[in-house]
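S.K.: Please model the complete structure; the sequences and the hints are all you need to start from.
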Amino acid sequence: MQCQRCQQRPANVHIVQVNNGVKREEHVCQQCAAQMGLAAIGSLGQSNPLEKIFPNLFTPEAAPETDRACPHCGYSCQELRESGRLGCGDCYQYFSGEVQPVLQRIHNSLHHQGKIPRRLGGTLGRKRQLDDLRNQLARCVLDERFEEAARLRDQIREMEKRGE
Amino acid sequence: MQKDNNTTNLTRLLTSSASAWTSSRSQSCEPGQDDQIVLASRVRLARNLAGQPFPAHLSPEIGQKVVASLFLALRHLEMANNGKYILLKMKDLTPLQRSLLLEKHLISRELTQALENQAVAIREDEAVALMLNEEDHLRIQCLLPGFQPEEAWRIASEIDDLLEEKLDYAFDPELGYLTTCPSNAGTGLRASVLLHLPGIILTKQQDMLLAQLNKVGMTARGFYGEGTKALGHIFQVSNQVTLGLSEDNILQGLKSVVSRLLEHERQARSRLLQEKGAVIEDQVWRSYGIMSQARLLPGKEFMERLSYLRLGLDLGIIEGIDRSLLNRLLIEAQPAFLQQAKGQELDQLERDKERAKLANIRIGKTQREV
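First to last, the sequence lines map onto chains V and Y.
Just so you know, the first sequence maps onto residues 164 to 327 in our numbering.
Just so you know, the second sequence maps onto residues 5 to 374 in our numbering.
Rather than coming from a laboratory, the hints here were simulated on the basis of the structure.
Treat the hints with care, since some could be wrong.
Pulled from the structure, derived: some chain V residues nowhere near chain Y, Cβ distances all over 10 Å [unchecked claim]:
no.: 1; residue: R172
no.: 2; residue: N182
no.: 3; residue: C236
no.: 4; residue: G247
no.: 5; residue: V262
no.: 6; residue: H270
no.: 7; residue: S272
no.: 8; residue: P280
no.: 9; residue: L293
no.: 10; residue: D294
no.: 11; residue: N298
no.: 12; residue: L300
no.: 13; residue: V304
no.: 14; residue: E307
Keeping only pairs whose Cα atoms sit at most 35 Å apart, straight-line, the calculated DSBU-like set for lysine-lysine is [as the list claims (entries may be wrong)]:
no.: 15; chain 1: Y; residue 1: K93; chain 2: Y; residue 2: K280
no.: 16; chain 1: Y; residue 1: K170; chain 2: V; residue 2: K290
no.: 17; chain 1: Y; residue 1: K208; chain 2: Y; residue 2: K93
no.: 18; chain 1: V; residue 1: K290; chain 2: Y; residue 2: K259
no.: 19; chain 1: Y; residue 1: K259; chain 2: Y; residue 2: K304
no.: 20; chain 1: Y; residue 1: K69; chain 2: V; residue 2: K290
no.: 21; chain 1: Y; residue 1: K369; chain 2: Y; residue 2: K280
no.: 22; chain 1: V; residue 1: K324; chain 2: Y; residue 2: K170
no.: 23; chain 1: Y; residue 1: K88; chain 2: Y; residue 2: K69
no.: 24; chain 1: Y; residue 1: K208; chain 2: Y; residue 2: K95
no.: 25; chain 1: Y; residue 1: K259; chain 2: Y; residue 2: K219
no.: 26; chain 1: Y; residue 1: K304; chain 2: Y; residue 2: K219
Here are the in silico distance ranges between beta carbons for each label pair [unchecked claim]:
no.: 27; chain 1: Y; residue 1: D172; chain 2: V; residue 2: H274; range: 18 to 24 Å
no.: 28; chain 1: V; residue 1: S259; chain 2: Y; residue 2: D211; range: 19 to 25 Å
no.: 29; chain 1: V; residue 1: P264; chain 2: Y; residue 2: Q216; range: 22 to 28 Å
no.: 30; chain 1: Y; residue 1: S20; chain 2: V; residue 2: Q256; range: 25 to 31 Å
no.: 31; chain 1: V; residue 1: E307; chain 2: Y; residue 2: N253; range: 53 to 59 Å
no.: 32; chain 1: Y; residue 1: P99; chain 2: V; residue 2: R244; range: 31 to 37 Å
no.: 33; chain 1: V; residue 1: Q267; chain 2: Y; residue 2: P99; range: 37 to 43 Å
no.: 34; chain 1: Y; residue 1: S73; chain 2: V; residue 2: Q276; range: 40 to 46 Å
no.: 35; chain 1: Y; residue 1: L14; chain 2: V; residue 2: S239; range: 40 to 46 Å
no.: 36; chain 1: Y; residue 1: Q352; chain 2: V; residue 2: P264; range: 45 to 51 Å
no.: 37; chain 1: Y; residue 1: M212; chain 2: V; residue 2: R325; range: 56 to 62 Å
no.: 38; chain 1: V; residue 1: Q267; chain 2: Y; residue 2: G55; range: 22 to 28 Å
Glycine residues also receive a C-beta, built at the ideal position from the N, C-alpha and C atoms.
M.R.: Printed below as a string of structure tokens:
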């Protein structure tokens, strides 16, 4: 369709005006629309005002994955892929998606079975003990052994209090 | 780390080829016993400090902080009566001194780079070496003579416990000790044994056995570790898996694999004696002749001749050679030790000459000026 004003350029702006209930339509080219003082959103080569408010919504994808870096040491995902080594202890958490398959491949496991530092041994040991007591408590309640359950409940409360 | 003894200790450390692992436990052993074939056992633990970047990413300032806390923990170790340690900063050593420590197996190749903040603390008996800012912040090594990986683990773990009283290790409840390379994560434990396997090599079974080792999670390397050749029929066999197994499981796995290797080696030796007894006997005495009289000995030939002498001792073909002397010769014949003994830099031909002199004196007991 040709521009209804200049009759030369192709029409690519569709103007709909409603005046006192009377609808009037016009097909014009961009230049003529501009002369009329009309600037249709996104169609006249001008910047989209919404882009300034929500820039990320308009970029096709978030930043590429290789640009990710460990927030603790700054080691990047790309460095990790190239060297096969990690930058700090936190990298194991941050890059777990990359590291865990590697660990699985080398060791065929993701669960440490060995020594625990004594400092943590206390906390970890306590956690394992608490889990154990909670399991026992649940079993007692199911079996309606309420006296024993009460005793376990008190023991758990006592341990939790000491833990804090 | 006492000042007054330091100079003498350092001199001994850098001039004597005798180290904890070269002193032979096997002196009194009957032929066929494990310690004739297993020269040494080593355990290495990899540890890092929580909240600090691993060594390759340390800034100079944080690096100093890391070193300071490691030094503090080392002092604590000495206070706990775990023996005296000689502390050496790698930067303070000459390249020759660093090579000497490498040839004694007291430091790793990584430490010879002598980067900022790299150091080693060596216990006076040289059975324990603590490497600082190698690939990880801390590497605890225990190296003992003969087949005793469990004892090496016991010693290393005790030191680990003592150091941990002063250090906060990078540790994850699920993944264990966190290390620079994921191949060390979990227990951080690498247990290895140094094996003399001429029978297996001379009967051409090595490729088959190495392939089998890989299948059961073990690897074999040369005398000086990764990427080095099995000179002198010597292999280092170690565990590959460090996560998902307890330390005890790892050590038992290594022990059972090594026991099977020893069985193979003994069978191969008796087959060799039966089928090629005259050839083996000739090679042993030929080696004795060459070691006693040759005027030039390249490293490779030296290691091979040394291997035949050891085999000759094991099989009762030859007598009167001290086993610990053979272990020390392994070290003394290395380039840095030869240069150290001569007191000057040597080119390859000069080294071969010095190596031959050394063999003449030690094996042939000929009076020659070294």
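S.K.: Hint by hint, say whether it matches the structure.
M.R.: Going down the list of hints, with the structure as the test:
1. R172: holds, 60 Å
2. N182: Its Cβ never comes within 10 Å of chain Y, the nearest being 70 Å, so this holds.
3. C236: violated, 4 Å
4. G247: violated, 7 Å
5. V262: Violated, since 6 Å does not exceed 10 Å.
6. H270: Given a closest Cβ separation of 4 Å, the condition is violated.
7. S272: Answer for V/S272: violated, closest chain Y Cβ roughly 2 Å.
8. P280: violated, 5 Å
9. L293: holds, 14 Å
10. D294: For V/D294, whose nearest Cβ neighbour in chain Y is about 13 Å away, the distance exceeds 10 Å, so it holds.
11. N298: At about 19 Å from chain Y, V/N298 clears the 10 Å cut-off, so the statement holds.
12. L300: holds, 23 Å
13. V304: About 29 Å separates V/V304 from the closest Cβ of chain Y, which puts it past 10 Å; holds.
14. E307: holds, 35 Å
15. Y/K93 / Y/K280: violated, 52 Å
16. Y/K170 / V/K290: holds, 24 Å
17. Y/K208 / Y/K93: violated, 44 Å
18. V/K290 / Y/K259: holds, 34 Å
19. Y/K259 / Y/K304: Holds: Y/K259 and Y/K304 sit about 29 Å apart, inside 35 Å.
20. Y/K69 / V/K290: holds, 33 Å
21. Y/K369 / Y/K280: Roughly 29 Å between the alpha carbons, so the hint for Y/K369 and Y/K280 holds.
22. V/K324 / Y/K170: holds, 28 Å
23. Y/K88 / Y/K69: holds, 23 Å
24. Y/K208 / Y/K95: Not satisfied, since the Cα-Cα distance of roughly 44 Å exceeds 35 Å.
25. Y/K259 / Y/K219: holds, 16 Å
26. Y/K304 / Y/K219: holds, 30 Å
27. Y/D172 / V/H274: 18 to 24 Å: Because 23 Å falls inside the window, the suggested range holds.
28. V/S259 / Y/D211: 19 to 25 Å: The hinted range 19 to 25 Å is violated for V/S259 and Y/D211, with Cβ atoms some 38 Å apart.
29. V/P264 / Y/Q216: 22 to 28 Å: Since the Cβ atoms of V/P264 and Y/Q216 sit about 26 Å apart, the hinted range of 22 to 28 Å holds.
30. Y/S20 / V/Q256: 25 to 31 Å: Once the Cβ atoms are compared, 47 Å apart, the range 25 to 31 Å for V/Q256 and Y/S20 is violated.
31. V/E307 / Y/N253: 53 to 59 Å: violated, 42 Å
32. Y/P99 / V/R244: 31 to 37 Å: holds, 34 Å
33. V/Q267 / Y/P99: 37 to 43 Å: Holds, at about 41 Å.
34. Y/S73 / V/Q276: 40 to 46 Å: violated, 28 Å
35. Y/L14 / V/S239: 40 to 46 Å: Since the Cβ atoms of Y/L14 and V/S239 sit about 42 Å apart, the hinted range of 40 to 46 Å holds.
36. Y/Q352 / V/P264: 45 to 51 Å: holds, 46 Å
37. Y/M212 / V/R325: 56 to 62 Å: Distance hint for Y/M212, V/R325 holds at roughly 59 Å.
38. V/Q267 / Y/G55: 22 to 28 Å: holds, 26 Å
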